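A.B. asks: Sequence:
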Amino acid sequence: MDDKFNIIKIEHLLTIILNDYNERKEIFGIPEALFFKPSVNDKFRMHRYGQTLETPFGVAAGPQTQLAQNIISAWLCGARYIELKTIQTLDELNISKPCIDMQDEGYNCEWSQELKIKESYEEYLKAWIIIHLLKHKFNWDSSEGIGTIFNMSVGYNLEGILKDNVQWFFKKMSDCSEEKQHFIQAQQPLYPDIIKINIPSQISNNVTLSTMHGCPPDEIEKIAHYLITDKKLHTTVKLNPTLLGANELRTILNQKLGFKTNVPDIAFEHDLKYKDAVPMIKNLQQAATQNKVQFSIKLTNTLESINHKNIFPPNEKMMYMSGRALHPISINLAKKLQNEFNGQLDISFSAGVDAFNIHHVFNCGLRPITVSSDLLKPGGYGRMVQYIESLQNIDTSVDKLAYLNHYADTVLDDAHYKDNPFQEPNIKNNLPLGYFDCVHAPCIDACAT
Numbered sequence: 296m297d298d299k300f301n302i303i304k305i306e307h308l309l310t311i312i313l314n315d316y317n318e319r320k321e322i323f324g325i326p327e328a329l330f331f332k333p334s335v336n337d338k339f340r341m342h343r344y345g346q347t348l349e350t351p352f353g354v355a356a357g358p359q360t361q362l363a364q365n366i367i368s369a370w371l372c373g374a375r376y377i378e379l380k381t382i383q384t385l386d387e388l389n390i391s392k393p394c395i396d397m398q399d400e401g402y403n404c405e406w407s408q409e410l411k412i413k414e415s416y417e418e419y420l421k422a423w424i425i426i427h428l429l430k431h432k433f434n435w436d437s438s439e440g441i442g443t444i445f446n447m448s449v450g451y452n453l454e455g456i457l458k459d460n461v462q463w464f465f466k467k468m469s470d471c472s473e474e475k476q477h478f479i480q481a482q483q484p485l486y487p488d489i490i491k492i493n494i495p496s497q498i499s500n501n502v503t504l505s506t507m508h509g510c511p512p513d514e515i516e517k518i519a520h521y522l523i524t525d526k527k528l529h530t531t532v533k534l535n536p537t538l539l540g541a542n543e544l545r546t547i548l549n550q551k552l553g554f555k556t557n558v559p560d561i562a563f564e565h566d567l568k569y570k571d572a573v574p575m576i577k578n579l580q581q582a583a584t585q586n587k588v589q590f591s592i593k594l595t596n597t598l599e600s601i602n603h604k605n606i607f608p609p610n611e612k613m614m615y616m617s618g619r620a621l622h623p624i625s626i627n628l629a630k631k632l633q634n635e636f637n638g639q640l641d642i643s644f645s646a647g648v649d650a651f652n653i654h655h656v657f658n659c660g661l662r663p664i665t666v667s668s669d670l671l672k673p674g675g676y677g678r679m680v681q682y683i684e685s686l687q688n689i690d691t692s693v694d695k696l697a698y699l700n701h702y703a704d705t706v707l708d709d710a711h712y713k714d715n716p717f718q719e720p721n722i723k724n725n726l727p728l729g730y731f732d733c734v735h736a737p738c739i740d741a742c743a744t
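Okay, so the sequence shown: first residue is 296 according to the working numbering, each after it adds one.
Read the hints as simulated data drawn from the structure, not as lab findings.
Treat the hints with care, since some could be wrong.
[Stated by the list, open to error] Calculated cross-link-like contacts (lysine to aspartate or glutamate; reagent style EDC-like; alpha-carbon spacing at most 20 Å): (1) Lys-555 x Asp-709; (2) Lys-299 x Glu-405; (3) Lys-551 x Asp-708.
In this text the structure is predicted, and so the values were computed from the model without any measurement.
The whole structure should be built from the sequences, with the hints applied where relevant.
C.D. replies: In structure tokens form, the structure reads like this:
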């Protein structure tokens, strides 16, 4: 099996989409019944960076935001905040395979994009154009624009961000007019009305900074300050769960929740410390105000831990935890920081969010909300339909800080987040997988990897 991505030309991608829909009323295997149809009356709509978000959630930088077809699939099911896969100057990497284990709580050893920067940009542009086209085709309300934000994600140090290829990426994401016109011409024979659609040439005016585990605090601040003052981008800094501190984090993870995940001392020693994070955040808030852009933090990155499983190659000494085990940790870090700033911090959230807690996260004032691990479970993008249902339970008048304080306490005792070694979940089944003519292919229920 080839483990390299093969890029699909935009005209071929659109052909697949239109044929899928016209013949079977589905796109990429997602039935129309699972498409999210926005309404101006949806009470969970929000505004960000001067734009409307039709839903307060989306997909985190990861496997769902690397290829155009994945971004489009997520959007169809309701994702409206698209944190694009992280790009960096080193764009020819050898990625360990497999690099994701999502049996229960998630672990990964992946890095940034598996595509070159130019290829990543073209995937994002393809998705940008086709999403506008589909909104037009389905005649969904466009009175407040596309209702979707594409959020750039860049890493991992200032030296790399200043390199020519990353600077080229920034330029193109700000003005894609040249390539956009070429792609529109390629699609016109398939969808003549595309020339009537207003597709902005600016794909994104905002960015999330993703730094390596162990990045020094002054380096994080330098990069964010550059993005705010030089690039004039609305900027989010993604912080690590180790910011909570070794004692509190291990108490939650290993004692209260019962997970055996081993977070080494080095993870706390080389990561940003709380005493350094608070003044850094204040400095960046001030810089953002002076430059008339928005600054926020994102909680949290994955949690560095020792690779004790036989899933990943033995050369991977560390793996990075996500999913349900991370949720109580990151919620309690949000509580700590939000109380430090008297409830005035702008915090987006991504840690173990699912259909059962997304309304709680929203009520805590943590938004936009992004997901990845949950969508790698059976059901995939279709699981977002339940997010929409859950968000019907939000309370827009709630005291957000009070709700966060209460939720952070109760989530520690919630059985949903505790390890259960006697009932280890296994989404694989015992059916043999033949080469052809599966009556019921096991790969339908669970990814073979």
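A.B. asks: Run every hint past the structure and note whether it holds.
C.D. replies: Against the structure, the hints:
Taking the CA atoms of Lys-555 and Asp-709, the gap is near 18 Å; set against the 20 Å cutoff, the hint holds. Distance restraint check for Lys-299 and Glu-405: the Cα-Cα separation of roughly 14 Å lies within the 20 Å cut-off, and the hinted pair is therefore satisfied. This hinted pair checks out: Lys-551 and Asp-708 have alpha carbons roughly 7 Å apart, not beyond 20 Å.
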